Amino acid sequence: MDFEVIIKYLPLYFRGLQVTVTLVVSSLAVGLCLALPIALLAISKNKWVSLPPKAYIYFFRGTPLIVQMFMIYHGMGQFEAVRASFLWVIFKEPYACALIAFALNTAGYTAEILRGTIEQTNFGEIEAAKACGMSKPTIYRRIILPSTFRRALPAYGNEVIFMLHGSALAGIITIVDLFGAAKIVNARSFVPFESYITAGLFYLVLTFLIVMAFKKLELHWHAYLHPRKD
Amino acid sequence: MSYVIDYLPLILRGMLLTVEVALLSLLIAVLLGMIGALAKLSKSRIARQIAGLYTTIIRGMPDLVLMTLIFFGGQIVVNNIGDALGWEYIDVSPFAAGVGTIGFIFGAYMAETFRGGILAVSRGEIEAGYAFGMTPLTVFMRITLPAMVRHALPGFGNNWLVLTKATALISVIGLQDMVYNAGLAGGSTRKPFTFFCVVAFLYLLITGASDVGLRWLDRRYSVGVRKA
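If you're matching them up, the sequences are chains A and B in order.
Going letter by letter, the first sequence gives residues 5 to 234 in our numbering.
Going letter by letter, the second sequence gives residues 12 to 239 in our numbering.
Okay, chain B solo, but in the shape it has when bound:
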């Protein structure tokens, strides 16, 4: 087993990158998801249609296809824009492409989750907010947003777990996450099974820790709610 110990630092470095990518793309996904959810619920028909198109197309295509599309295709777009504006050559890094794509994909899933959460907030609470003379923004920040968290949390947790596992795909576009490094280690020691087992275990560690965290959040946001 000494070879596992030899390569453990490499794998753990990859794990750090995996967690970084996951957290950064979660941030993007939450932002896009919020915008998407609000657009889906807005009065403007165009906003609703754009958001609908976004969630339908993204959720209808495999993340791997979208990722390669954005990574390879995105480079061409950046090149064309750069040419037109007379910039120097800009290299789309796998890191940026990975984070951007995963964030973009899971933004669509988050939008659906958040939309459901917002719809589940009781109408009376929002009305009461307006009755107090709050502006729509204040109502959203003080009432809708805190109250929707509880409803959106189970879906959010699911999305987060799927997102974490989707980060494994960035190894395909050459980012040195833990799957990529396990492939390297497995190749040079000729023990790929062992190293992919280690990676699988580390993923279980991440998902297990997330489970604990999500349960804590759920308890926190369900304070004052009677469970059947």
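With the rest of the complex left out, here is chain A:
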């Protein structure tokens, strides 16, 4: 093993790290904003309202992220209408395509997490809110959603890690993220082991940081679940 080559390329890895982190954080932010309305529509009792979001969730959870990304990156150019319009400015950019694919994907998974968590809200709490005379939007705003975000935290932590790992796909479509950086290093100096292991270690550290951050968050938001400390 020859890690001297890697040291020369460390700045490239750190640039890749920056790209990976920005890409993941922005996809998660967009995805979370999309997920909440999707989840709320999916729990509707009206079939015609709940069917489209359920189909959305089913599609994005049932197909590989790489296929979704290719549909956007390679696929959008198929349509003359897209190529002729201003949309082409977006869809010809690999970075934008990856961001859109990741955000839509994580929106599907997050919506499913939220849907499950909302449906499991303790009915007594809702009953109590009704007894207090709260309207439906108020019940959601004051009772259901705050408790949902708390209870969804562990599952969402997994989703964040999942997204981080999925983001390596960006390296395939020419984006120089961590994986893209490893690809470049490997192509230039043919050290597959060293180059990919270095990227892997970066991902490992990021994963640990996410796990630790979510533990911290749970300590705070799940404080009421912990045994009393006297």
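Hints are computed from structural coordinates only; laboratory data are not their basis.
Some clues are possibly wrong.
[Claimed, not checked] No more than 30 Å apart at the CA atoms, straight line, and that leaves these computed lysine-lysine pairs for DSSO-like:
| # | chain 1 | residue 1 | chain 2 | residue 2 |
| --- | --- | --- | --- | --- |
| 1 | A | LYS219 | A | LYS233 |
| 2 | A | LYS219 | B | LYS54 |
| 3 | A | LYS220 | A | LYS233 |
| 4 | A | LYS140 | A | LYS58 |
| 5 | B | LYS202 | A | LYS58 |
| 6 | A | LYS96 | B | LYS202 |
| 7 | A | LYS140 | A | LYS51 |
| 8 | A | LYS134 | A | LYS58 |
| 9 | A | LYS51 | A | LYS134 |
Just so you know, these numbers come straight off a predicted model, no measurement behind them.
Please build the complex by placing chain B on the supplied structure of chain A, with the hints as guidance.
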């Protein structure tokens, strides 16, 4: 739509390969997962540490990175071993690398699932087995293993679905699965969106069928369990 029909055999051949890779790697994953779970629960500290390292490292890295690492790096290792032993050049096939890597990765996830399943088996049943004079192996084969299936099944199902979708990544290392073939078909007809849609639909078909199968298994292994 005639071009879809023209290329359908190619895509379906790719689908067959996808299913083959998925099933073979599932086999490896289940074996490694069982070994990993038993190692994690064993009394030996070294076994526990090795298994812990395995599951932590594998689950902390993206599967794509691991796959390229094993495919490209594995070739070098094989070359070095071959040189040392005076073998002829051995080519690591993308198929073997793909199956091996996916199996190796999901073995780590399976190990965690199985560990949870084994821990959920009621202590009394295992004790009763020993009271009958069964050897540890018999207790495992006759009591722990059949009883853990029910507890491990939901996690196993999830792992299987994620594994199936992870097989799409082997197209990156050049294996001609359905994603790879859809790329070819999409390139030559200039209709990539259509072909990736077809592939997405086929994946939904696989995951949908798996769902039905898993539900059947769940019903079978939950016989005699009262549900709330």
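Evaluation of the provided hints:
1. A hinted pair counts as satisfied when its Cα atoms are at most 30 Å apart, and LYS219 of chain A with LYS233 of chain A qualifies at roughly 18 Å.
2. Between LYS219 of chain A and LYS54 of chain B, the direct Cα distance comes to roughly 28 Å. Compliance with the 30 Å bound is thereby established for this hinted pair.
3. A C-alpha spacing of about 17 Å is found between LYS220 of chain A and LYS233 of chain A, which places the hinted pair at or below 30 Å, so the restraint holds.
4. Pair hint LYS140 of chain A plus LYS58 of chain A holds up; C-alpha atoms about 22 Å apart against a cutoff of 30 Å.
5. Between LYS202 of chain B and LYS58 of chain A the alpha-carbon distance is near 28 Å, which keeps this suggested pair within the 30 Å criterion.
6. Between LYS96 of chain A and LYS202 of chain B the CA atoms are separated by roughly 16 Å; this keeps the pair inside 30 Å, and the hint holds.
7. Between LYS140 of chain A and LYS51 of chain A the CA atoms are separated by roughly 19 Å; this keeps the pair inside 30 Å, and the hint holds.
8. Between the alpha carbons of LYS134 of chain A and LYS58 of chain A the distance comes to roughly 28 Å, so the proposed pair stays at or under 30 Å and holds.
9. Between the alpha carbons of LYS51 of chain A and LYS134 of chain A the distance comes to roughly 24 Å, so the proposed pair stays at or under 30 Å and holds.
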